[in-house]
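Trainee: Residues per chain are reported as follows:
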Amino acid sequence: MSTLAAQHEHAHDPFLQHHFTTPEQQADAGKIGMWLFLVTEILLFGGLFVGFAIMQSRHPEAFFAAHHQLDRTLGFINTIVLLCSSYTMVMAVHSARTDRRKRLIAFLLLTLAFASVFLGIKYIEYSHKFHEGLLPGRLYHHEGDTIAGQFMFFSFYFMMTGLHGLHILGGMIAIGWVLRRSVRGDFSHAYNTPVDLVGLYWHLVDMIWIYLFPLLYLIT
Amino acid sequence: MENLATAPAPADPKAAVNYLNATRGLKSWLTTVDHKRIGVMYLASILFSFFLGGVFAILIRIELWAPGRTIMSADTYNRVFTLHGAIMIFLFIIPSIPAAIGNFVLPLMLGAKDVAFPRLNLASYYLYLAGAALAVASMVTGGVDTGWTFYTPYSTTTNSSVSLMTLGAFILGFSSIFTGVNFIATIHKLRAPGMSWFRMPLFVWGIYATSIIQILATPVLGITLLLIVMERVFSVGIFNPQLGGDPVLFQHFFWFYSHPAVYIMILPGMAIISEVIPVFSRKNIFGYKAIAFSSIAIAGVSFLVWGHHMFVSGQSALAGAIFSFLTFLVAIPSGIKVFNWIATMYKGSISLEAPMLWAISFLLLFAIGGLTGLFLGALSVDVHLHDTYFVVAHFHFVMMGGTVMAFLAGLHYWWPKMFGRMYSEKWARVAAAFIFVGFNVTFLSQFVLGTRGMPRRYYNYLDQFRPLHMFSTVGSFMLAVGFLIMAAYLFASLRKPVDAPANPWNAVGLEWQTSSPPPEHNFEYVPVVTHGPYDYSVPVEHEHAEVGA
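If you're matching them up, the sequences are chains A and B in order.
Using our numbering, the first residue of the first sequence is number 15, and each one after it goes up by one.
Using our numbering, the first residue of the second sequence is number 43, and each one after it goes up by one.
Don't read these hints as lab results, they were simulated from the structure.
Check the hints yourself; a few may be wrong.
[Claimed, not checked] Stretch-level coverage of chain A by chain B, calculated; a stretch enters the list once three of its residues show a Cβ under 8 Å from a Cβ in chain B: (1) 48–54; (2) 146–153; (3) 156–166.
[Stated by the list, open to error] Partial chain A-side listing against chain B, Cβ under 10 Å, derived: (4) Thr35; (5) Val64; (6) Thr112.
[Said to hold, decoys possible] Partner residues are not named here, just some residues of chain B that face chain A (Cβ under 8 Å, in silico): (7) Asp156; (8) Phe159; (9) Lys231; (10) Leu258; (11) Leu346.
All C-beta atoms in this analysis are idealised placements derived from N, C-alpha and C, irrespective of residue type, glycine included.
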């Protein structure tokens with residue numbers, strides 16, 4: 015009977031889907047789903063990480079020489095930018111849970127701003143590489159290489175940072191969606207799962223960069 | 043079926059509202075988030091894929107009737123066997139049980155109103171359609187001649203339309219991931235009151251194990267297939283030995299997914315067998331926990347055996363020995379299951395209705411398929427049998443003799459629940475006989491061909507193999523006849539008015555406590571579970587009384 019009573023009590027909750035009994039059940043299901051999705055993301059990038067590690071062990075000199083072409087300063091700045099964006103995202107989630115709508119909107123906007131800075135810096139880096147002919151595979155035409163086989167480093171560089179960049183874009187779209195709903199006033203201490211889930215996703219995208227930065231920029 | 047009368051049938055079947063007639067029109071189907079309708083759409087799609095893959099199979103067998111050219115050129119033959127494999131694997135067998143049958147029955151078995159993420163479920167179906175469309179586009183733009191495994195360096199150099207096909211498989215992978223995520227969240231959060239983990243039907247345990255593999259393995263296939271596309275478009279070098287890459291690395295990546303993937307295919311089959319055998323033996327399942335945990339064990343071990351596909355690819359002898367040993371381990375949980383099913387049947391009150399006929403076929407054929415897997419897992423034997431028809435026969439015994447037989451058991455078992463109609467039991471038995479005999483004629487002969495040295499995927503062969511090839515082709519015709527009969531009586535059943543009782547098999551699972559077909563939201567009341575899933579010690583009529591009250 016308690017189940018039926020609970021069903022009735024939340025019958026007017028506009029965010030409770032019909033097949034869930036309680037908001038907690040719905041929120042838990044959403045979290046399980048998101049964590050599982052994050053696992054698939056890690057394995058998706060995992061394939062590239064393993065491929066990179068194996069190819070680097072086969073061609074250590076070429077990879078070492080090639081990585082000097084990357085701009086460590088820009089890479090480092092981007093790392094800091096993404097770390098800041100993770101902080102603002104956490105604050106956004108916290109603001110949603112504590113019913114502070116204006117702060118929620120402000121922190122989401124800040125997160126979007128940091129994400130745009132990241133992509134902007136990435137654009138500068140990419141244009142430089144394009145200009146120098148540091149391109150993946152058969153497009154590679156950099157002059158003055160002393161060690162052959164450096165193109166493969168850039169194959170991985172573009173595939174990994176490109177896939178990561180697409181995830182940043184996807185994250186920005188998701189944050190934009192949550193932002194729109196925040197402006198509409200959907201979120202409160204009682205219902206904030208979408209903010210929470212987008213936050214989880216954003217941290218993963220951030221964390222992948224934390225691994226990509228030393229892997230690509232700091233080879234010793 | 044004397045017990046038909048015990049279940050309350052609606053007075054006027056046409057007046058009864060169920061998920062099939064609750065809303066009408068094409069749009070109501072294309073935008074549905076009802077797991078039952080999505081399951082039915084998946085079922086129609088995979089059955090069509092099965093038909094298409096089957097046509098290619100028959101074309102292969104006709105071509106192999108005689109050495110040399112019979113009906114097609116060697117290049118066409120390469121495309122035909124690739125399409126047979128790719129369609130059967132990616133479009134039929136992987137989504138068959140989880141996405142079609144699982145989608146329909148899993149929430150019903152749990153006493154839930156739907157899966158956890160109904161919109162994601164629909165998205166998964168549309169991704170399936172998109173992947174299938176790319177596969178078709180690849181067929182009409184030249185086809186693929188690499189075999190379904192897309193081995194490099196050939197797949198990165200051939201002129202056939204590999205990129206479209208691999209992109210299609212990439213998208214199908216995401217469809218499969220979405221289904222897996224959905225099922226795990228559903229199993230964790232949407233069980234009916236009283237349904238503890240060990241009161242879940244074993245079908246649910248099997249699907250849970252399958253979903254784990256789908257989530258952990260599929261992304262790696264995704265990135266591998268993208269790397270092939272990258273290699274073809276940009277020559278990124280990773281799989282190309284001329285550029286310092288390694289084609290064997292592709293094999294490692296590919297089998298890291300695709301070996302677990304064969305357990306994505308067989309575990310749901312085993313899950314169906316665990317449902318069908320207790321019902322038609324009228325006995326509680328023997329060794330519930332052993333069967334449940336053996337599913338999880340198979341999922342775990344599945345990630346550690348991929349190297350057995352590379353015994354002759356230049357992998358180190360030590361790695362080969364370790365992979366061989368780990369491969370043998372798979373036999374333990376598989377054996378546990380088979381022995382428990384047989385122990386369930388022992389002294390049971392067995393009735394041989396169509397679902398049980400398929401289940402027994404599964405036991406016989408899967409045993410052969412599983413044991414021949416041990417031959418291939420042994421290093422020294424594999425060197426001789428590698429890439430011969432022995433492998434083809436082993437694979438088909440496990441996949442068709444195993445998964446497809448289980449799929450047919452499940453299809454016949456839940457057909458009345460899905461569509462509210464009984465099919466002709468007599469014709470179902472005739473079809474079962476044709477398919478069982480036809481299957482053995484087709485593939486037992488291939489074991490012999492393999493041990494005598496007939497290589498797989500060859501267009502031409504020595505005269506000495508001709509009798510066995512002819513024998514195998516005749517078997518494939520018997521299979522085709524069996525499936526045509528099945529299509530006929532299943533379609534015929536759909537043309538009848540709704541006539542199936544809620545519980546035609548007197549089974550105790552929750553899905554049988556609601557009407558056939560079920561109402562839109564599955565149950566009139568939230569079911570409360572008070573005992574295990576296969577408790578046949580209580581007369582079934584009492585169950586009806588409980589639910590109806």
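Trainee: A separate judgement is required for each hint: does it hold in the structure or not?
Mentor: How the hints compare with the structure:
With a threshold of 8 Å between beta carbons, the proposed coverage of the stretch 48–54 of chain A by chain B holds, since 4 of its residues qualify and at least three are required. Here's how the stretch 146–153 of chain A fares: 4 of its residues keep a CB closer than 8 Å to some CB of chain B, so the rule of at least three is met and the hint holds. Beta-carbon proximity to chain B at under 8 Å applies to 3 residues in the stretch 156–166 of chain A; the threshold of 3 is reached and the given coverage holds. The beta carbon of Thr35(A) is positioned within 10 Å of a beta carbon in chain B (closest approach about 8 Å), and the interface hint is therefore held.
For Val64(A), the suggested interface contact is upheld, since its CB lies about 8 Å from the closest CB of chain B, less than 10 Å. Hint status for Thr112(A) relative to chain B: violated, with the closest Cβ pair at about 26 Å, above 10 Å. Annotation: Asp156(B) was flagged as interfacial toward chain A, and the flag holds, the nearest CB pair being 4 Å apart, inside 8 Å. Taking 8 Å as the C-beta contact cut-off toward chain A, the hint placing Phe159(B) at the interface holds, the least distance being around 6 Å.
With its C-beta approaching chain A no nearer than about 4 Å, Lys231(B) sits inside the 8 Å limit, and its interface hint holds. The beta carbon of Leu258(B) is positioned within 8 Å of a beta carbon in chain A (closest approach about 6 Å), and the interface hint is therefore held. For Leu346(B), the suggested interface contact is broken, since its CB lies about 16 Å from the closest CB of chain A, more than 8 Å.
Of the hints listed earlier, those the structure fails to meet are numbers 6, 11, in rising order.
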